[in-house]
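Residue numbers (our numbering), protein chains in the order written: chain A, 1 to 321; chain B, 322 to 588; chain C, 589 to 855.
Treat the hints as calculated values from the structure; they're not laboratory data.
Below, a sample of chain A positions facing chain B; criterion: calculated Cβ distance under 10 Å:
| no. | residue |
| --- | --- |
| 1 | Ala81 |
| 2 | Gly89 |
| 3 | Arg119 |
We put the CB at the ideal spot given by N, CA and C, even for glycine.
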Amino acid sequence: MSLIEMSGVDRVFHVRRRTGLLRRQRHSVPAVNNLSFTVDAGEMVGYLGPNGAGKSTTVKMLTGILVPSAGRVRVDGLDPARQRRELAGRVGVVFGQRTTLWWDLPLRDSFDLLRRLYRIDPATFRVNLDRFTELLDLGPLLATPVRQLSLGQRMRGDLTAALLHDPRILYLDEPTIGLDVTSKAAVRSFLTQMNRDRGTTILLTTHDLDDIERVCRRVMVIDHGRLAFDGDLPALRARAAAERTLVVDLLTPTAPIEVPGTRVVRVDGPRQWLAFPADASAVPLVAAVMERFPVADIALREPDIEDVVAQLYAGSASALS
Amino acid sequence: MAGPVREYLLLVGMWTRASFQYPASLAILTLSQFVLAVLDLAAIAIVFTHTRSLAGFSLPEVMFLYGTSATAFALADLLVGNVERVGRHVRLGTFDVMLVRPASALAQVAAEDFSPRRLGKLCSAVPVLVIAVVLLPVDWTATRVLLLPVMVGAGAAIFAAVWVLCSAFQLAVGEQIELLNTFIYGGGFLVQYPLSLYGRDALRLLTWVFPLAFVNWQPALYVLGRPDPLGLPTAFRFASPVVATLLVALAAFAWRAGVRHYRSTGS
Amino acid sequence: MSVYLTVARHMFRRQSAYRTATLAGGVTNTVFGIIRAYVLIALWQSRQPQVRIDGYDVTDAVTFCFLSQAMIATVAIFGPPLELAERVRSGDVAIDLYRPADLQLWCLAGDLGRMSFQVLARSVPVFCAGALLFSVRVPTSPVVWATTAVSVLLAVLVSFAIRYLVALSAFWLLDDRGVQAGATALAMFFSGLTLPLVLFPGWLGTLAQALPWAATVQVPADVFLGRWTGWQAVGALAFQLGWAALLLATGRLVTAAARRRVVVQGG
Numbered sequence: 001m002s003l004i005e006m007s008g009v010d011r012v013f014h015v016r017r018r019t020g021l022l023r024r025q026r027h028s029v030p031a032v033n034n035l036s037f038t039v040d041a042g043e044m045v046g047y048l049g050p051n052g053a054g055k056s057t058t059v060k061m062l063t064g065i066l067v068p069s070a071g072r073v074r075v076d077g078l079d080p081a082r083q084r085r086e087l088a089g090r091v092g093v094v095f096g097q098r099t100t101l102w103w104d105l106p107l108r109d110s111f112d113l114l115r116r117l118y119r120i121d122p123a124t125f126r127v128n129l130d131r132f133t134e135l136l137d138l139g140p141l142l143a144t145p146v147r148q149l150s151l152g153q154r155m156r157g158d159l160t161a162a163l164l165h166d167p168r169i170l171y172l173d174e175p176t177i178g179l180d181v182t183s184k185a186a187v188r189s190f191l192t193q194m195n196r197d198r199g200t201t202i203l204l205t206t207h208d209l210d211d212i213e214r215v216c217r218r219v220m221v222i223d224h225g226r227l228a229f230d231g232d233l234p235a236l237r238a239r240a241a242a243e244r245t246l247v248v249d250l251l252t253p254t255a256p257i258e259v260p261g262t263r264v265v266r267v268d269g270p271r272q273w274l275a276f277p278a279d280a281s282a283v284p285l286v287a288a289v290m291e292r293f294p295v296a297d298i299a300l301r302e303p304d305i306e307d308v309v310a311q312l313y314a315g316s317a318s319a320l321s
Numbered sequence: 322m323a324g325p326v327r328e329y330l331l332l333v334g335m336w337t338r339a340s341f342q343y344p345a346s347l348a349i350l351t352l353s354q355f356v357l358a359v360l361d362l363a364a365i366a367i368v369f370t371h372t373r374s375l376a377g378f379s380l381p382e383v384m385f386l387y388g389t390s391a392t393a394f395a396l397a398d399l400l401v402g403n404v405e406r407v408g409r410h411v412r413l414g415t416f417d418v419m420l421v422r423p424a425s426a427l428a429q430v431a432a433e434d435f436s437p438r439r440l441g442k443l444c445s446a447v448p449v450l451v452i453a454v455v456l457l458p459v460d461w462t463a464t465r466v467l468l469l470p471v472m473v474g475a476g477a478a479i480f481a482a483v484w485v486l487c488s489a490f491q492l493a494v495g496e497q498i499e500l501l502n503t504f505i506y507g508g509g510f511l512v513q514y515p516l517s518l519y520g521r522d523a524l525r526l527l528t529w530v531f532p533l534a535f536v537n538w539q540p541a542l543y544v545l546g547r548p549d550p551l552g553l554p555t556a557f558r559f560a561s562p563v564v565a566t567l568l569v570a571l572a573a574f575a576w577r578a579g580v581r582h583y584r585s586t587g588s
Numbered sequence: 589m590s591v592y593l594t595v596a597r598h599m600f601r602r603q604s605a606y607r608t609a610t611l612a613g614g615v616t617n618t619v620f621g622i623i624r625a626y627v628l629i630a631l632w633q634s635r636q637p638q639v640r641i642d643g644y645d646v647t648d649a650v651t652f653c654f655l656s657q658a659m660i661a662t663v664a665i666f667g668p669p670l671e672l673a674e675r676v677r678s679g680d681v682a683i684d685l686y687r688p689a690d691l692q693l694w695c696l697a698g699d700l701g702r703m704s705f706q707v708l709a710r711s712v713p714v715f716c717a718g719a720l721l722f723s724v725r726v727p728t729s730p731v732v733w734a735t736t737a738v739s740v741l742l743a744v745l746v747s748f749a750i751r752y753l754v755a756l757s758a759f760w761l762l763d764d765r766g767v768q769a770g771a772t773a774l775a776m777f778f779s780g781l782t783l784p785l786v787l788f789p790g791w792l793g794t795l796a797q798a799l800p801w802a803a804t805v806q807v808p809a810d811v812f813l814g815r816w817t818g819w820q821a822v823g824a825l826a827f828q829l830g831w832a833a834l835l836l837a838t839g840r841l842v843t844a845a846a847r848r849r850v851v852v853q854g855g
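Next up, chain A with everything else stripped away, as it sits in the complex (with noise of 0.2 Å):
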């Protein structure tokens, strides 16, 4: 049996709109819609989406916070809707965007209350906080008040308080938002090295497609409530790589150049990009263009992620499948 499951899975937001002084308007929105996915322990899932996608409204169906509409949540055996106090000592949240430390506490204090609450062994505990003092150099923060903290030193805080009670599955809500490159670096290598150590199964949801590149081995991408992928990374730049990008720096600024078995995609003063279908070789076509043109270099671009999950978001996902 899979650790996390979802079958089926709708949600709907009734919104109130206001049209006119006292009238409202109410229409459904589906946050969520048919979705559903298993996750097997162990797994690192990146999962991604558009604002609006029903990201968010995932993890927070995953944890209990909210109450599907239809369908079937399984987590570790338990329903998180009926049994959300039982789920939540086996599982770690973080949130990027708020904490899940007492903003008035020192760090010490926070941990050492989450420890009663969540009754972990005060042996466990020990060895705990030591190791991600040290894993997240926390040693200097700990007697700060977490409302002193930086964002970055309050991101790892929030991670240690979110793995404390060795959880078996730990979902992370936009963790490197706002975080500078040395601190996403550290989130990233620390979730990493908790997966190969302790075997935490790792739920990660974020817009930063490099957070999916450097820690996901699994990508599920939803737009509109559903699912429009879900597979590993190569099988994501193969489904929409269609295309790869011949960069190329002419002389001087020219008009739009024409080459057959290419597109111009983009001109910017001597720099054109041209797109040409991604199982063509790019050989002829670069002699083809050195042989009518004036070329000062030539660049070969494969496609990034980035281009790819803005088609899938684009819809033309459905063109694709």
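Position chains B and C relative to chain A; hints supplied.
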């Protein structure tokens, strides 16, 4: 049952320790709570420089009514006062954070930002009650003496239940409604005085609809040996614990319903 | 000059955005007005309703009660404290001190903008609610109305001057919450909100009527009630003007001292 209480006490302990980090601030805030409460008392004292009885009640009798209701209110405020902030938690998204922890949401919201400064109100109410008891020309039978802690305890429970009910309503509606505070603080204020001075209709409302009459008025009628203006049977004088229990049960139910509604509709 | 008008208008508009808070505030004022009115009625009835206590009969007292509740928002008895206080604490005030506009005048303009909104959105509805529920005394002479308007304006000036000084105290005190709490308590008691100042006995009454807080609520209310007419009214306005002038002047001196302090400390 033990679970939420344990969680509440844990959190309260932590918050108390946090508030002691700034002892000067704590002292000032406690003092200001005390002073504000004393002003209400000063008002009563001034009123009685112009008369010997208010709605037929003497100064010690009014002090008794004030002392019991103020103590009950201060206790409720101390224990669950901050539960009214649940509206703000919903708005800021911090209620979700509470739902993710393996602890009762009510215990967390009620314990949030607990501060010993509320003891300031308690410290001004209790002496008044003591003085009133000393001054009252009442025959202190065993029943009357026993009724005192029962009154205050039940009164505190009633206020606490009303607090939780108002908060549960905010949860169910998913919004912060400041108007509900008027109910709570207005209610706490009006029971400081003999309820008969608000008129018979108000008295009926406060007995049958918003049962604040059971916070101190009904039991006080027995302690002070006074007839009930509404003519209700003697059993009503001792009904406070029953009313308190009913209200607490209602509040618990309402809270659960509120949380269930929040989890079904999101924010 | 137009700068200050802009500030005033800006504050007015900002206040008007808080619709629910204003409504909630108005309801709270009305509810507490009702409760206090009943207590005052009970006091007069314990003697004889038509007998005057220190010049007030029961209708005067009830009118005063709702006038004072109506004035709460206008003269900001329970705050909010001036934005200046927060800006001093955060250090943003340095920007204000470098502005070519006069700091005190700037804050005053903002406060008048705020007050204009509160008069319309809270004071008037609260008093009307009281007038509907109880019998109150409303002046018929346009002269009295005009004098009251002037008196209210002077009351706001006095109240502003006090709050300005409280806000500036943050320059010297690390934690000004104590001063705020103290100022609120004094304002509540000595403005006549808890009880009309005429009820204060002996030396307390004399003292209360001489303090600046009397100028914020008691004086305009008495003008409205027709207690001060003719030369006495002029005297009352002069009392307000005197306190306003004294406190505003003190404010200017303190601003200069604060400015020096900022320069010395480097912000």
